[in-house]
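Asks: The lines below spell out each chain.
Protein chains: 2
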Amino acid sequence: MTESIPVRNPRNGQYDYYLFPPTAKELADLCQRMRQGQLQWQAIGIEGRIAALQQWKQTVQNALGSIVEALCVDTGRKAESILEAQLIASSIDRWCKIATDCLPPQSEKPSSVSFIHLRQDLEPYELVAVISPWNFPLLLSLIDTIPALLAGCAVIVKPSEITPRFIKPLMNTISQVPELASVLTYVEGAGSTGAQLVELADLICFTGSVATGLKVYQAAAQHFKPVFLELGGKDPAIVTASANLDHATSSLLWGSVVNAGQSCLSIERIYVEDSVFDQFVSMLVEKTNQLRFAYPDYDSGQIGPIISDKQIDIINEHLRDAKEKGANILTGKGYVEMIDGGGWCFPTVLTNVTHEMKVMTEETFGPLMPVMPFHGIEDGIAKANSTIYGLSGAVFAGTVEEALFIAKRIKGGAISINDSALTAIIHEGEKNSFKMSGMGGTRMGPSAIKRFMRQKVYLIKTQPIASPWWFDAPH
Amino acid sequence: MTESIPVRNPRNGQYDYYLFPPTAKELADLCQRMRQGQLQWQAIGIEGRIAALQQWKQTVQNALGSIVEALCVDTGRKAESILEAQLIASSIDRWCKIATDCLPPQSEKPSSVSFIHLRQDLEPYELVAVISPWNFPLLLSLIDTIPALLAGCAVIVKPSEITPRFIKPLMNTISQVPELASVLTYVEGAGSTGAQLVELADLICFTGSVATGLKVYQAAAQHFKPVFLELGGKDPAIVTASANLDHATSSLLWGSVVNAGQSCLSIERIYVEDSVFDQFVSMLVEKTNQLRFAYPDYDSGQIGPIISDKQIDIINEHLRDAKEKGANILTGKGYVEMIDGGGWCFPTVLTNVTHEMKVMTEETFGPLMPVMPFHGIEDGIAKANSTIYGLSGAVFAGTVEEALFIAKRIKGGAISINDSALTAIIHEGEKNSFKMSGMGGTRMGPSAIKRFMRQKVYLIKTQPIASPWWFDAPH
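So the protein sequences, as listed, match chains H and L. Numbered by the working numbering, the letters in the first sequence go through residues 1 to 475 in order. Numbered by the working numbering, the letters in the second sequence go through residues 476 to 950 in order.
Each hint should be verified, as a subset may be incorrect.
Claimed, not checked - Using 20 Å as the maximum straight-line C-alpha spacing, the simulated SDA-like pairs for lysine to any residue come out as follows: (1) K215(H) - N719(L); (2) K408(H) - G873(L); (3) K584(L) - L404(H); (4) K109(H) - I901(L); (5) K762(L) - Q693(L); (6) K408(H) - F495(L); (7) K925(L) - P446(H); (8) K411(H) - V210(H); (9) K408(H) - K643(L); (10) K435(H) - H375(H); (11) K109(H) - M646(L); (12) K408(H) - D774(L); (13) K450(H) - K910(L); (14) K883(L) - A89(H); (15) K572(L) - K584(L); (16) K408(H) - K925(L); (17) K910(L) - S111(H); (18) K435(H) - R510(L); (19) K572(L) - K450(H).
As the list claims (entries may be wrong) - Using C-beta positions, here's what the derived DEER-type ranges look like: (20) Q697(L) - K25(H): 26 to 34 Å; (21) N172(H) - S582(L): 24 to 32 Å; (22) P921(L) - Y15(H): 30 to 38 Å; (23) Q58(H) - Q511(L): 30 to 38 Å; (24) I814(L) - F115(H): 32 to 40 Å; (25) R292(H) - R510(L): 43 to 51 Å; (26) H355(H) - E478(L): 40 to 48 Å.
Claimed, not checked - Covered stretches of chain H, as calculated for chain L (at least 3 residues, CB under 8 Å): (27) 124-135; (28) 289-301.
Simulated from the structure, these hints should not be mistaken for laboratory data. Cβ atoms here follow ideal geometry from the backbone N, Cα and C, with glycine treated the same way.
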């Protein structure tokens, strides 16, 4: 029996929930059972796996209320919780369609040598571990899980210990689909459970911070395991003088402060062409001041509490550092307000910021909007690329051509043109992370399924002629 | 100035060559120059890169004689050296064709949301380091290099310090093509030069042993670099009772002892159905005894010297261990013969072997052919899969259907059907390594080029309508 871990409630600061990580033996046994189940899961083929996932979709629909209720307590916000739960259904449908399209039966084809044919095959990794974060606890626990299941893998998910309450209602829905329950399970636990999974699984998917991602990568290398990392960002937006500023400010406000900025793809730096800088800032400030905290009720406003207490410290430190170095705080209090035990950060527009400030160089993961002017597009691009991150970004300009010219030079995997953070709603493009923002294959599109499979080729000699003897072989 | 490293000649054991690794400063400056050159290399596009590689092909053809001469001294064998040098031309042509087919201009397409279009893009990693081994020094230094160049990367290659003599004549051919010389260079050096490259490059390709591959993976994780590893194998062959034994023995002899067994994809374990075991062994012994050492002249026989003196020790240890545990040695002396300072291992058929012996569990990288009977196909498959490796394998059976049934269950990336080691001559299939035999994308086929590029997606809002406000967004 391991020790229980107390869990904080982000709306009141109370430790009102306990999670019970499995012992090392229990976890090893569980993985063994999943490996056993995987044999049959692979054998039933893609049609069988789609049927099981569609059945699961129904059981999830029936339990939406209890899942949303748990997520609300986990995260302290409601609209995003409803969205997370509702998206399971469309996500399952989308992945099932992609899988149907991208996993066709492979047939034999001739090679460059006339008497040798090739046949390609795909073989799933047996057991995938998914280690997922607290900012969208349900959504991000499934983003790698569903494609891995469709590939034919068994999946063991360890959500963040900060937001574990949704696990039980979700596990109830899984247990109602026996085929699925033998290859999909969630476990409670913190870092040490995650570290054990790196040893026990065949492939590891991690979503979270750069600091933890580095540790996961190093542990994976120690055990010679492949790993997919989706880490932090410091996503830039570039707004040129020709952009529609009303549209740009609305879009960037949403992209910066949705989920109280606790999103890897949220905009964290805004660069505006100097000639329209003042106008942009005044419009952004005016719109920002229309927002409200979701307090005292979930529906009182748009901005929920900061979910993790460690994140409260980080946001406060970024604000303190920025103020000390001369930044102007144009909205909000300039710190995370503690209200009834919860931490609330009002969306904060900052100007007079520099690249010496943490708010411009480190991931904040809060609703801050530092805005900096640039002079000429080369300057804007250079500033946007002046970062160790490379997840995504946004460009606003008067024409798509002007925006694309800039976007092509931004070092990031997904660039939204004339909108922010579109990867939050469009899951079709394939993208890789640049620099420290991630490692390994895309988690969107057909490749996202195939990355859970090893390619295998059969090289078939079609004629019973003698083998090439030494170097008389045809080349 | 770093210290020079003496290099052993495999035919006479003399240290008759010295290499001079660059200092840390020189290497860093070189990488910086390559990064500078990469900007233009990427800008000239795929047609420009193909033109430069085709020009290089001509300069290589003009220098084949000096390249082969150096390779002969590096490796002590001639036929394989000629083959390696000749294959550059067909390899360049093959990759240029694949690149033309797989890197088409990307066009815009609609997404699931009507007013958002997608455009995919591919962006090369700037600087790739290729760390290559001594068994096919030229061929394996180019297997990742050519696709990386076509992708638009600059490439710095560090061949093994055991076989560096070919570098100078090859560099001469590169320097004759200025566009190429600014993005492709070879450096001399041993492990510490390789370790520096892991820090300096953006992506690392390593071909070599599992032990060193693990270290490279761990160093890459330390510096948060992506890595492709192509490591060792202990490739099994399964021969059923229905197989054509004349054909199987000829093919397996070639697959086991070509290049004196110093090939990652050589057959290192042969499992034969018990009813035909004796017949198989006697045919294999008879054919083996027709082989000769390539001594005193390169053309005196088919079997060259063992290239690395450390490998001589490993082969001797595997033979000693096998004999001690009861194996029968049916051909050869049972040890590596030292002749005029070179180490020569006669192709060795072993029977009465068990999975407790190193010769059945660790990579030998020598011309040994341990043959073990199996009873029933389940037993054969289980024995073939009883290994930490999973590179490739071979199946011989009376029909392709029977062979494929077995091949599908062998855990390995490339399975030859009714022949051995066909990946040595067919480079079209896409394959991944299983277990400890490697990590990362396929080095064959279109994906081999794309793994050197990051996918990037532009999400383009096509109508200037207001941004989705909070969760009224279309999902």
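Asks: Does each hint fit the structure? Answer for all of them.
Replies: Hint by hint, here is what the structure shows:
1. K215(H) - N719(L): This hinted pair is violated, its Cα atoms lying about 52 Å apart.
2. K408(H) - G873(L): Not satisfied, since the Cα-Cα distance of roughly 56 Å exceeds 20 Å.
3. K584(L) - L404(H): Holds, at roughly 15 Å.
4. K109(H) - I901(L): holds, 13 Å
5. K762(L) - Q693(L): violated, 44 Å
6. K408(H) - F495(L): violated, 41 Å
7. K925(L) - P446(H): holds, 15 Å
8. K411(H) - V210(H): At roughly 17 Å apart (the allowed maximum being 20 Å), V210(H) and K411(H) satisfy the hint.
9. K408(H) - K643(L): Judged against 20 Å, a Cα distance of about 39 Å means the pair is violated.
10. K435(H) - H375(H): Measuring from Cα to Cα gives roughly 26 Å; hence the hint is violated.
11. K109(H) - M646(L): violated, 38 Å
12. K408(H) - D774(L): violated, 56 Å
13. K450(H) - K910(L): Given that 20 Å is the threshold and the Cα spacing comes to 17 Å, the pair holds.
14. K883(L) - A89(H): Status violated; Cα separation ~34 Å.
15. K572(L) - K584(L): violated, 26 Å
16. K408(H) - K925(L): Roughly 18 Å separates the two Cα atoms, so the pair holds.
17. K910(L) - S111(H): Roughly 27 Å separates the two Cα atoms, so the pair is violated.
18. K435(H) - R510(L): Holds: K435(H) and R510(L) sit about 16 Å apart, inside 20 Å.
19. K572(L) - K450(H): violated, 24 Å
20. Q697(L) - K25(H): 26 to 34 Å: holds, 31 Å
21. N172(H) - S582(L): 24 to 32 Å: violated, 46 Å
22. P921(L) - Y15(H): 30 to 38 Å: violated, 53 Å
23. Q58(H) - Q511(L): 30 to 38 Å: violated, 58 Å
24. I814(L) - F115(H): 32 to 40 Å: Roughly 39 Å apart at Cβ, these two residues keep to the hinted range, so it holds.
25. R292(H) - R510(L): 43 to 51 Å: holds, 49 Å
26. H355(H) - E478(L): 40 to 48 Å: holds, 42 Å
27. 124-135: violated (count 0)
28. 289-301: violated (count 0)
The structure fails hints 1, 2, 5, 6, 9, 10, 11, 12, 14, 15, 17, 19, 21, 22, 23, 27, 28 (numbered hints given earlier, in ascending order).
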